[in-house]
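Q: Sequence:
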Amino acid sequence: MSSGSAAYRKEAEETQIMGSVLVIGGGAAGLAAAIAAAECGDTVTVAEKMDRVGKKILATGNGRCNLMNTGAPRYPGNAAFAADVLSHCGAEEQKAFWEHLGLRLRQEEAGRVYPVSSQASSVLDALRLQLTALHVRVVTGVSITALHRENDGWTALSADGQQFRANRVIISGGGCAQPKLGSDGSALRLLTNLGCPATPFAPALTQIITDSTPIKGLSGIRVKAQVAVIDRKSVLHEEDGELLFADYGVSGVCVMQCARYAKEGRMLRVSLVKGMGFADAGDFRRELHHRRKNWAQRPMAELLTGLCVPRLSAALMRQADWGVRESSLCGQMTADMAERLTKTADAWLLPIRGVKGFESAQVASGGAAVADFDPATLQNRRLPGLYAAGEVLDVDGDCGGFNLMFAFGSGILAGLDGRNAPWTHENAQKS
77 MSSGSAAYRK
87 EAEETQIMGS
97 VLVIGGGAAG
107 LAAAIAAAEC
117 GDTVTVAEKM
127 DRVGKKILAT
137 GNGRCNLMNT
147 GAPRYPGNAA
157 FAADVLSHCG
167 AEEQKAFWEH
177 LGLRLRQEEA
187 GRVYPVSSQA
197 SSVLDALRLQ
207 LTALHVRVVT
217 GVSITALHRE
227 NDGWTALSAD
237 GQQFRANRVI
247 ISGGGCAQPK
257 LGSDGSALRL
267 LTNLGCPATP
277 FAPALTQIIT
287 DSTPIKGLSG
297 IRVKAQVAVI
307 DRKSVLHEED
317 GELLFADYGV
327 SGVCVMQCAR
337 YAKEGRMLRV
347 SLVKGMGFAD
357 AGDFRRELHH
367 RRKNWAQRPM
377 AELLTGLCVP
387 RLSAALMRQA
397 DWGVRESSLC
407 GQMTADMAER
417 LTKTADAWLL
427 PIRGVKGFES
437 AQVASGGAAV
447 ADFDPATLQN
457 RRLPGLYAAG
467 EVLDVDGDCG
477 GFNLMFAFGS
487 GILAGLDGRN
497 APWTHENAQK
507 S
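The sequence shown begins at 77 in the numbering used here and counts up by one.
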């Protein structure tokens, strides 16, 4: 598509743009909202502060765009509200939306749904082509800084002096995660300036920073593990999956889904025994005694051969305070040493120092209070004509397509504003 297309050129020469719907933010939620509203006959303008729409969509799912999940909802941030929204526009409704746009989908493991092309660009192309077909005006490079209610409509002002008037305004400018892709918190400020209560944004689905001493030399090593955030012996949250050691701490999906609970002073418990192929700690302990007997003359450094890489083996022995010499043999392992190593492998405690910031986070927790919005339409309960969708709301999900699914679902509902989706009739005729 030509960058000079009328639908996508910046309308810098106009000081006032009129329309029945103004969408602030051209990400997943905003583009879905714009299409849904235009399908219902609304005149729609999308105001996007970046130089093009949908930049964050292109970065999702490692460029493959995991756009929904057909499994049980996983939303640690305001799960009830997320479930309510998705009860109105869940997997089936969103599949119908994508089919209408010509995007074919494929379901993979754990309910994850991707475009059949496995390319995020296919998703963005489908959205942009539909915007053009519906004559949606997209204004890029425009940052909305103020929003005012006037008579029966709204007026929005941009930093460069443009004025937008609309009967309905849908705020969908994202949270604070990955600000280089356009999410900088400005959308939430528009809502709070209107008196909407909110929870400050915080990084979620991000890496955890730990004390570097116990994991020194382990950067780049991947293991299967069970991880849990511990606070005074209480387990706040736990996950299973692949863990990646780094210079600063640990990463991986299982770690990122624990990040919202990770605070300095708490501990990250890492259990490796099941990932090594053992049923439990007792099974691991028995293997150590078996090796002490059968590998008595082998160097102690070879004790965990076949269970983990040498660098991790050395780190576990250091953490277990073995203090072995290079000349030590497996047969010299005492019962107490075996017990300490078992405890380390089953419950390695890493002091948490914090989490990586918004630049690294896939999503942010916090946002506009969901109690202020109707889950069926996403309209503000106190301010008629004001809507919010996507990450600007205080909803965040786990990895696996849940965040994009909420963004698209809430955006579609905000655009429809209680009206029936026109594409449902089209799909009914096909069947």
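Some clues are possibly wrong.
Unchecked claim - Taking lysine-lysine pairs in the BS3-like style, the calculated list, with each CA pair at most 27 Å apart, reads:
id, residue 1, residue 2
1, 131, 309
2, 339, 292
3, 339, 419
Unchecked claim - Simulated DEER-style distance windows between Cβ atoms:
id, residue 1, residue 2, range
4, 178, 127, 22 to 28 Å
5, 183, 127, 32 to 38 Å
6, 147, 235, 16 to 22 Å
7, 340, 500, 48 to 54 Å
Note that these hints are calculated values from the structure, not bench results.
Where is the CB? At the ideal position from N, CA and C, for every residue including glycine.
Q: Taking the hints in turn, state whether each one holds.
A: Going down the list of hints, with the structure as the test:
| no. | hint | in the structure |
| --- | --- | --- |
| 1 | 131 to 309 | violated, 42 Å |
| 2 | 339 to 292 | holds, 21 Å |
| 3 | 339 to 419 | holds, 24 Å |
| 4 | 178 to 127: 22 to 28 Å | holds, 26 Å |
| 5 | 183 to 127: 32 to 38 Å | holds, 34 Å |
| 6 | 147 to 235: 16 to 22 Å | violated, 42 Å |
| 7 | 340 to 500: 48 to 54 Å | holds, 50 Å |
The structure fails to meet hints 1 and 6 from the earlier list, while all remaining hints are met.
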